[in-house]
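Top to bottom, those sequences are chains S and L.
Under the working numbering, the first residue of the first sequence carries the number 4, and numbering increases by one thereafter.
Under the working numbering, the first residue of the second sequence carries the number 4, and numbering increases by one thereafter.
No lab work stands behind these hints: they were computed from the structure.
Certain hints may be false.
Same chains, same names: a pair is fine if it fits in one copy or spans any two.
Said to hold, decoys possible - Computed list of lysine-lysine pairs in BS3-like fashion (alpha-carbon distance at most 30 Å, straight line): (1) K132 x K289; (2) K115 x K132; (3) K255 x K288; (4) K122 x K32; (5) K225 x K289; (6) K122 x K288.
Number of protein chains: 2
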Amino acid sequence: MPSSKKAHKAAAALPESIVEATRVGDDFKLADVDPHGTPGFAGDKALGTELLAESADEISELQERLYAEARGENPRSLLLVIQGMDTSGKGGIMRHVVGLLDPQGVDLTAFKQPTAEEKRHPFLWRIRKALPRPGQIGVFDRSHYEDVLVVRVNDLVPASTWKRRFGQIRSFESKLADSGTRIVKVMLHVSKEEQGERLAERLDRPDKHWKYNPGDIDERRKWEAYQEAYQEALVKTSTDQAPWFVVPADRKWFARLAVQQILLETLREMDPQWPAVDLDVAAEKKRLADS
Amino acid sequence: MPSSKKAHKAAAALPESIVEATRVGDDFKLADVDPHGTPGFAGDKALGTELLAESADEISELQERLYAEARGENPRSLLLVIQGMDTSGKGGIMRHVVGLLDPQGVDLTAFKQPTAEEKRHPFLWRIRKALPRPGQIGVFDRSHYEDVLVVRVNDLVPASTWKRRFGQIRSFESKLADSGTRIVKVMLHVSKEEQGERLAERLDRPDKHWKYNPGDIDERRKWEAYQEAYQEALVKTSTDQAPWFVVPADRKWFARLAVQQILLETLREMDPQWPAVDLDVAAEKKRLADS
């Protein structure tokens, strides 16, 4: 029954409702978010997976417009920041959501522990170098937020230093937005129990051993400190220009759908346009015919 | 009838036969290649499209192995070079073939006209900077071959300079291969008639105007000179270490299938392995349970 199915879909899953339901507002409390939930979405895995596939075409068209628009006078770009604890599914987002985009329009950067050179510079130095070019969708797998998360939890700099960074980040992101880069930031929120199961699976499967890092257990032991650090970072840096979204990540299919819908809604709001091209079509047709 | 369908497929389209049929050997003549052909493949568009989708999983697994292997002691990488006249479908290959790969394992570079800085350096300078990192699949949309193609046809350097470049390229690619980068190079071979139709389509559709460049007609007028330049470049630089494949490109579905099968066959031959990881699984399970 195609028509009743469509109606069901529309009722169950207006993408905007996921976007609204995951957005970090002023009175946000991370502890109140259920990592196993599907906020804004009443559908199940089958429907979520179908919606993910169905939205690919619209995103793809908007992405092409963004890319084309950058040939014109007001180039813009989009930056998607993905953060989350180990095993929260960042790689899966890259593969299954970013992977649906046209690779010609994607600037993907995975930030690892800073190199010796990067450490000699201010923390935003390597970030500035990786910003998306005009017309591109930049994707950060981890980001400058590590400098107020892992750095804070492990006391890698004095508290006065990381405390100052919230303001520096707000200012940096505000200037970036003013210069034409739309910013959305997503925290993939996994539960400690689910992380335990995912780490156990890596240990059980020899083809996953290369992904297992004994250091992950050390970080896992600091779970509460990380939640505290995330809480403060989220509320101090979620702004109108660069909002945070906290996406429950215990169900991988939901996290993927949610990130895609956040991306889709952002592109819809940006509403990129085909650039005006100064082209004498008739004359060019003649030149083509003669060639 | 699944079984007879499978048998049909196997008979019609052993991927290796496309790979063999498109490979540039010693007595290769570009003029003998039919741009509308489907060498090595007896199937139609429906079957070709199906095979493209079906091969995605195997490529994806091999790509992950290549990526994982690079954590071990013998990291390797793969470089896919794509060349072709305007409208030959390079962008479609990026979108529909490279787009099937995991973006975390892809280093895509589109080479435009050299910048002022690039012009101050030897022609391979910008190429070296864009080579794939260990474990990555590098993809070049245009490449150092422009320096013996567009540069030659338009007399941008003396003939003695571009003639010297064939040897420089062979030497460069040979060292690159020795250092662990597998190289495959593809020319998308479109006919002049088909190019004319594709340019006309860009003129007919306002949403394609941004892709139309009046300069393309100037290059189109030098069609024969380009064919000559390609012929020489192909035979002088197709080596065992860095073979060329000429893929008929008038049928987009075939070009996409062919490039994918060349990539797939190359990854199969590389046969990347999960890295050996020094991991005390029992001890880690205990640490995990205690965390």
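For each hint, the structure was consulted:
1. K132 x K289: neither (45 Å within a copy, 41 Å between copies)
2. K115 x K132: both (14 Å within a copy, 20 Å between copies)
3. K255 x K288: Cα proximity of K255 and K288: across copies only (23 Å, versus 51 Å in one copy).
4. K122 x K32: neither (32 Å within a copy, 54 Å between copies)
5. K225 x K289: Intra 70 Å, inter 17 Å, cutoff 30 Å: inter-copy only.
6. K122 x K288: So K122 and K288 fail the 30 Å test inside a copy (56 Å) and across (34 Å) alike.
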